[in-house]
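One line per chain: the protein sequences are A and B, in this order. Going letter by letter, the first sequence gives residues 40 to 277 in the numbering used here. Going letter by letter, the second sequence gives residues 2 to 206 in the numbering used here.
Among the hints, a few may not be true.
[What the hints assert, rightly or not] Here are some, though not all, of the chain B residues that point toward chain A, as calculated from beta-carbon distances under 7 Å:
hint: 1; residue: 75
hint: 2; residue: 95
hint: 3; residue: 132
hint: 4; residue: 150
hint: 5; residue: 175
Hints listed in this document are in silico derivations from the structure and should not be mistaken for laboratory results. Virtual Cβ for every residue (Gly too), placed ideally from N, Cα, C.
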Amino acid sequence: MPATETPLPSARRIARIAPARKERANQLPYALVLLAVAAAVAYELVVRRESPVSGFVWIVGIALGLAMQRSRFCFTAAMRDPLLTGSTSLTKAVIVGLAVATAGFAAAQFGAFSKAGQFADAMKLSSLDPVGLHTVVGGVLFGIGAVIAGGCATGTLMRAGEGFVQQWLALPFFVVGSAAGAASYPLWKAALFVDPKRVVYLPKALGGFGLALVLQFGLLLAAWLAADWWGKRKATIH
Amino acid sequence: MTPDSELSRGPGPAATPPAIAVDQGGRVRLRERETYKTLFVNPWTYTTGAVVLALLNVVLLLATGKAWGVTTSLTYWGAWAWRWLGGQPQHWRYFAEIKPAFNRPGFDFLADAGSLTNVGIVLGALLAALLANQFRVKKLKAKRQIVAAVAGGLLMGFGARLAFGCNIGAMFTAIPALSLHGWVFLVSIFAGAAVGSRLLLRYFV
Numbered sequence: 040m041p042a043t044e045t046p047l048p049s050a051r052r053i054a055r056i057a058p059a060r061k062e063r064a065n066q067l068p069y070a071l072v073l074l075a076v077a078a079a080v081a082y083e084l085v086v087r088r089e090s091p092v093s094g095f096v097w098i099v100g101i102a103l104g105l106a107m108q109r110s111r112f113c114f115t116a117a118m119r120d121p122l123l124t125g126s127t128s129l130t131k132a133v134i135v136g137l138a139v140a141t142a143g144f145a146a147a148q149f150g151a152f153s154k155a156g157q158f159a160d161a162m163k164l165s166s167l168d169p170v171g172l173h174t175v176v177g178g179v180l181f182g183i184g185a186v187i188a189g190g191c192a193t194g195t196l197m198r199a200g201e202g203f204v205q206q207w208l209a210l211p212f213f214v215v216g217s218a219a220g221a222a223s224y225p226l227w228k229a230a231l232f233v234d235p236k237r238v239v240y241l242p243k244a245l246g247g248f249g250l251a252l253v254l255q256f257g258l259l260l261a262a263w264l265a266a267d268w269w270g271k272r273k274a275t276i277h
Numbered sequence: 002m003t004p005d006s007e008l009s010r011g012p013g014p015a016a017t018p019p020a021i022a023v024d025q026g027g028r029v030r031l032r033e034r035e036t037y038k039t040l041f042v043n044p045w046t047y048t049t050g051a052v053v054l055a056l057l058n059v060v061l062l063l064a065t066g067k068a069w070g071v072t073t074s075l076t077y078w079g080a081w082a083w084r085w086l087g088g089q090p091q092h093w094r095y096f097a098e099i100k101p102a103f104n105r106p107g108f109d110f111l112a113d114a115g116s117l118t119n120v121g122i123v124l125g126a127l128l129a130a131l132l133a134n135q136f137r138v139k140k141l142k143a144k145r146q147i148v149a150a151v152a153g154g155l156l157m158g159f160g161a162r163l164a165f166g167c168n169i170g171a172m173f174t175a176i177p178a179l180s181l182h183g184w185v186f187l188v189s190i191f192a193g194a195a196v197g198s199r200l201l202l203r204y205f206v
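Start from the sequences, fold in the hints, and give me the full structure.
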């Protein structure tokens, strides 16, 4: 920027003196280049591959990254901060997100279910995966990894985009760990008693959507209230 | 610049540009306009972010029949890399039993919704940072961060396979999808985060 030698308008001088407002080169042109790249990928998907759904998924992905960066969202911090700093604002936000998504998912599933009264139709719109000891072991390992690496799956992707070198490093090793996990499946399948058919769809297990949703929203509300209480309690101690 | 001229044509307050938004030539600077700041610079609240993420996840489910997931695609990336190096991941029992899509004819990076959203997230975050003029390479501050990134990345990758998902697939998607494994994963990741915090304070800070 050529603004250094010429006399500055007073407002700009103030902006310069103001803390944490280092004048950076205009990054907008790069944003426009990036938008052109995104549009080219969308063109490839929609026109060349004749898959409008893929093009839509691509745009949703970009929107997810944008939303996470704008809101400084971090699932890891939502899990870590209640114990590390006592802050629960992110935790409460995640719970609100879970409640909103539950309403949408349950509506879609119930719509599918009510066509023929078959849980199987609703379960196609769920994302059912096996549950068992391996879920616990995997969750604990994942939680440790996310806190150490400074970002979970989405956080790693988002921070990689934001320019964090630590996440540029973490991401390839995340991929290596994933592939190692898939390659060693026969080993841990036996060791942790994995049964690929042991999936539990709550509405089916509890005999209907009513009880499942009462339980679900009840648990989410209880978790939110606990997080709210914990955050206030910690705030008064400090 | 086009963005500037576009703005000066805009209705309302743009007609009388505030002093701070004037550039050398007296033009309105796009990045200092209030509307621009509201859209692209000012941070959102956590709750706004969470609700937008939740709605996008519902949109994904309705549009494709499959909700948001991250780490299955990272597994594909690793398997594709392994194949490129001469390995034969197509014979892994994992893909035969758990993710048969991997061996479907014509299945590749651009045909995998999770790969598209994963790259989209990186690109979207970069785009958001550039639009806000906040992008900068954040260098490592200590060698310990290398160990943390490598160990943390490996643990997350391996752990996510054991649990059949990550904080998204096995939590942010699985819980709303009314699958029990989401709740079990939530409690477990919380316990893991507690252990991780101790390790972080002891070795990595």
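- prompt: What hint numbers does the structure not satisfy?
  reply: none
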